[in-house]
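K.L.:
Use the sequences and the hints to build the structure in full.
Read top to bottom, the protein sequences are chains A and H. Going letter by letter, the first sequence gives residues 510 to 665 in our numbering. Going letter by letter, the second sequence gives residues 4 to 153 in our numbering.
It is worth saying that the hints were derived from the structure and are not from the lab. No experiment lies behind these values; they were computed from the predicted model shown. Among the hints, erroneous ones may be present.
[Stated by the list, open to error] Derived pair list, reagent style DSSO-like, types lysine-lysine, alpha-carbon separation capped at 30 Å:
| hint | chain 1 | residue 1 | chain 2 | residue 2 |
| --- | --- | --- | --- | --- |
| 1 | A | K517 | H | K81 |
| 2 | H | K125 | A | K515 |
| 3 | A | K515 | H | K7 |
| 4 | H | K95 | A | K597 |
| 5 | H | K125 | A | K652 |
| 6 | H | K95 | H | K8 |
| 7 | A | K515 | A | K588 |
| 8 | H | K29 | A | K515 |
| 9 | A | K515 | H | K109 |
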Amino acid sequence: MTDINKVKYHNFRKSKILIIEDSQDHSEIIKLAIKECIPEVQTIIVSTALQAMMFLDEIVSSNGVLPKLVLLDLYLPRKEDGWLVLHKIKRQSSQLRVLPVIILSASNDPEDIRNAYDLGGSAYTIKPVDYSSWLEYFKSIRKHWMETVILPFKSE
Amino acid sequence: MNDKKELYIVDDSADHRFLVENIFAKFLPDYPVKIFGGAEELYNHLILQSSDDYTGTLPGLIILDLRMPLFNGYELLKLLRQTPDNGHTQWKTLPIIMMTSEGSPKEVMLCYQAGANSFIKKPIEFQELRSTLETICHYWLDFNRLPVLD
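P.N.:
Put into structure tokens, the structure is as follows:
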């Protein structure tokens with residue numbers, strides 16, 4: 510296998526993507542777009558900060574398989590909720606620290622963008638507005654995060 | 004959109020740097036790139052940028068070779084992440100992609116834990132290298148929003 514194929518093997522194997530999104534409409538679109546662009550992965554959608562932390566904590570305590578990627582909507586509905594999730598995932602002691610968290614927000618506020626990186630967010634993306642843009646969005650996510658980047662993984 | 008920021012690439016292999024330079028010149032001319040031969044060289048440049056008189060462009064993204072003989076890429080990553088943003092420098096929030104020709108799962112984990120934004124395997128073959136650099140430039144410099152210092 511060439512180098513790139515080994516990367517893809519690990520990234521796609523038993524892979525889950527966690528979406529933290531409070532809007533029902535956006536969740537539906539996201540589910541459809543991921544199904545079209547990254548059909549190999551299992552998509553898990555939660556709608557509150559609390560649900561997100563419970564989901565992740567449960568995996569850690571049962572020594573299960575963590576999602577490969579987390580897409581986090583900042584305003585859940587308040588941005589304090591989003592910051593809370595990011596902070597909890599990224600604090601020093603957390604086993605969740607290695608998870609790449611991609612902020613997905615309608616907010617273009619430079620302050621929000623800086624805070625996201627400061628708290629340990631891996632990337633910051635603006636929410637697409639129509640379905641074809643959502644498809645472009647997840648094609649980019651696939652190309653970069655799933656096919657090019659080595660995502661953290663436990664060797665077996 | 005992101006204001007024109009530079010992409011920095013740090014790689015201690017002269018052959019590889021030559022390849023990268025050619026790829027950017029030929030296929031990615033719209034992306035300003037600066038190439039460094041080692042972590043120390045990059046670090047000195049970052050120190051220069053932190054002075055109040057500095058008026059040049061700032062980096063928007065760094066691709067950093069993990070293993071370099073004198074000053075290790077991993078050590079530099081940790082050092083940058085420990086420095087809170089201030090004045091001219093935004094080392095803590097600057098997106099950093101680690102790169103290596105051989106990556107063990109342990110090394111990949113350590114880099115993510117230390118605050119790397121992502122991690123790529125150094126492609127040796129020309130087409131793969133070109134494709135990787137194109138993907139990185141498109142994703143980080145066009146699609147993604149970079150942090151901006153006020």
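K.L.:
Give a verdict on every hint.
P.N.:
Evaluated hints:
1. With a CA separation close to 27 Å, the supplied pair K517 (chain A) and K81 (chain H) stays within the 30 Å bound.
2. With a CA separation close to 13 Å, the supplied pair K125 (chain H) and K515 (chain A) stays within the 30 Å bound.
3. Our distance criterion of 30 Å between C-alpha atoms is broken by K515 (chain A) and K7 (chain H), whose separation comes to about 34 Å.
4. Between K95 (chain H) and K597 (chain A) the CA atoms are separated by roughly 18 Å; this keeps the pair inside 30 Å, and the hint holds.
5. The straight-line distance between the Cα atoms of K125 (chain H) and K652 (chain A) is roughly 16 Å, inside the 30 Å bound, and the hint therefore holds.
6. Restraint check for K95 (chain H) and K8 (chain H): the C-alpha separation of about 16 Å stays at or below 30 Å, so the hint holds.
7. Proposed proximity of K515 (chain A) and K588 (chain A) is contradicted: the alpha carbons are some 38 Å apart, above 30 Å.
8. Note on K29 (chain H) and K515 (chain A): the hinted pairing holds, with a Cα-Cα distance of about 28 Å set against a maximum of 30 Å.
9. For the suggested pair K515 (chain A) and K109 (chain H), the alpha carbons sit about 16 Å apart, so the restraint of at most 30 Å is met.
Figure legend: structure checked against the earlier numbered hints; hints not met, in rising order: 3, 7.
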